[in-house]
Amino acid sequence: MITCTRRLEFDAAHRILKHESKCKMLHGHRYALEVSFTAKKLDNLGRVIDFGKVRELLGAWIDEHLDHNTILSIDDKKLGKQIEKSTGQKIYYMDENPTAENIAKHILEKICPKIFAKEDVKCVAIKLYETPNCSVSLTAN
Amino acid sequence: MITCTRRLEFDAAHRILKHESKCKMLHGHRYALEVSFTAKKLDNLGRVIDFGKVRELLGAWIDEHLDHNTILSIDDKKLGKQIEKSTGQKIYYMDENPTAENIAKHILEKICPKIFAKEDVKCVAIKLYETPNCSVSLTAN
Amino acid sequence: MITCTRRLEFDAAHRILKHESKCKMLHGHRYALEVSFTAKKLDNLGRVIDFGKVRELLGAWIDEHLDHNTILSIDDKKLGKQIEKSTGQKIYYMDENPTAENIAKHILEKICPKIFAKEDVKCVAIKLYETPNCSVSLTAN
Chain A
1 MITCTRRLEF
11 DAAHRILKHE
21 SKCKMLHGHR
31 YALEVSFTAK
41 KLDNLGRVID
51 FGKVRELLGA
61 WIDEHLDHNT
71 ILSIDDKKLG
81 KQIEKSTGQK
91 IYYMDENPTA
101 ENIAKHILEK
111 ICPKIFAKED
121 VKCVAIKLYE
131 TPNCSVSLTA
141 N
Chain B
1 MITCTRRLEF
11 DAAHRILKHE
21 SKCKMLHGHR
31 YALEVSFTAK
41 KLDNLGRVID
51 FGKVRELLGA
61 WIDEHLDHNT
71 ILSIDDKKLG
81 KQIEKSTGQK
91 IYYMDENPTA
101 ENIAKHILEK
111 ICPKIFAKED
121 VKCVAIKLYE
131 TPNCSVSLTA
141 N
Chain C
1 MITCTRRLEF
11 DAAHRILKHE
21 SKCKMLHGHR
31 YALEVSFTAK
41 KLDNLGRVID
51 FGKVRELLGA
61 WIDEHLDHNT
71 ILSIDDKKLG
81 KQIEKSTGQK
91 IYYMDENPTA
101 ENIAKHILEK
111 ICPKIFAKED
121 VKCVAIKLYE
131 TPNCSVSLTA
141 N
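So the sequence lines, in the order shown, correspond to chains A, B and C. Heads up: the first sequence is residues 1 to 141, going by the working numbering. Heads up: the second sequence is residues 1 to 141, going by the working numbering. Heads up: the third sequence is residues 1 to 141, going by the working numbering.
Extracted from the complex, chain A is given alone in its bound form:
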């Protein structure tokens, strides 16, 4: 099996509700997302998908929703509204706590199928680095 992987980085704030220590505080990371695709066969130029296409589609979504933004649980709306009022940004809310695990699942299961619906590829794996030393990996079913 051949897969192609594109790395995309973004800076975002988050906090983990009910965390036992300092992750409950609002803080930020430079996230690095590695997203992997397969295709039934290589295209006529010899690619799974053009690396530029992944940046164009998923990179645009990340720029619009996650980069230089704050990712919060929907249960954290009180804080979110205060931030929105102060800065004018539009918080990115998730149904669950914005752990690396949940962000990765959200992107693999909800975002990528929508974004790449018209492409002849399947997003088969996500690796999300919260820091250079801390990452989660998720493969599609």
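A portion of the hints provided could be inaccurate.
[Unchecked claim] Derived CB-CB ranges, DEER-like:
id : chain 1 : residue 1 : chain 2 : residue 2 : range
1  : C       : Gln82     : A       : Met1      : 53 to 59 Å
2  : B       : Gln89     : A       : His27     : 49 to 55 Å
3  : B       : Gly28     : A       : Lys22     : 30 to 36 Å
4  : A       : Asp43     : C       : Leu57     : 28 to 34 Å
5  : C       : Ser21     : B       : Asn141    : 54 to 60 Å
6  : B       : Lys78     : C       : Thr139    : 42 to 48 Å
Read the hints as simulated data drawn from the structure, not as lab findings. Cβ coordinates follow ideal geometry from the N, Cα and C atoms, glycine included.
Use these hints to put chains B and C onto chain A, whose structure you have.
Showing chains B and C alone in chain A's frame:
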């Protein structure tokens, strides 16, 4: 399947008994260990295991036993005793040659199960970099 | 299963025939190749294969054929001949477009089996970075 991976680095000396060339000399590396875990389900905060917990448990073990130490085969005790006499350190002996392969196996099979016995996770894979260009990967049975 | 992986980097020019945008232009990358091996059992020193042996065998092949060279499709001979005439180098031609996918397949399926024929290892996976953010992965059948 979702896994979380923590990278931990340490500096250690070793040598490979009977090596054909310069690895038989006592030398050192900055090792980087990437250890991966799965859980039956994410915890109530949305994690496999807190990244900080891995550092706390495995990082402490590495600090005590491997970092700024020398890793030798049990068959290399003569050299080990000379070093211990000179520096006062306590050599970390292994049953086999301290190749990256054997160190990775040792950590995956012997150390992690003991260290993480009380956590609801399984250590499923180890990647050990001996140098930035040389690594070994081992998955649990 | 235990695998050992060696990373080898090389600088090469290429272009993708019929590419929709700027990859049709002759340009270059610093490629990074990560090649992974397994063995039926570790050797008597405790290794899959000596990291130095991989560099010696595959590194020598890369140095001779790919590094500081140009990789072109066999259908791109007109350009290739012009380059050869100007610089005296010997273009590395491939049967297909020199995408990362095709270069990785070529190395995994054609080159490694030949180069490592006398070693007790199997080359089981290739990861080829075209840039630090763009890579392809291929596993052996």
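Now the hints, each set against the structure:
1. Between Gln82 (chain C) and Met1 (chain A) the C-beta distance comes to about 37 Å, which lies outside the given range of 53 to 59 Å.
2. For Gln89 (chain B) paired with His27 (chain A), a C-beta distance near 38 Å fails the hint of 49 to 55 Å.
3. At about 34 Å, the CB distance of Gly28 (chain B) to Lys22 (chain A) agrees with the hint of 30 to 36 Å.
4. Checking the proposed 28 to 34 Å range against Asp43 (chain A) and Leu57 (chain C) shows it holds: the Cβ atoms sit about 33 Å from each other.
5. Range check, Ser21 (chain C) to Asn141 (chain B): Cβ separation about 47 Å, and the 54 to 60 Å hint is violated.
6. The hinted range of 42 to 48 Å is satisfied by Lys78 (chain B) and Thr139 (chain C), whose Cβ atoms lie roughly 44 Å apart.
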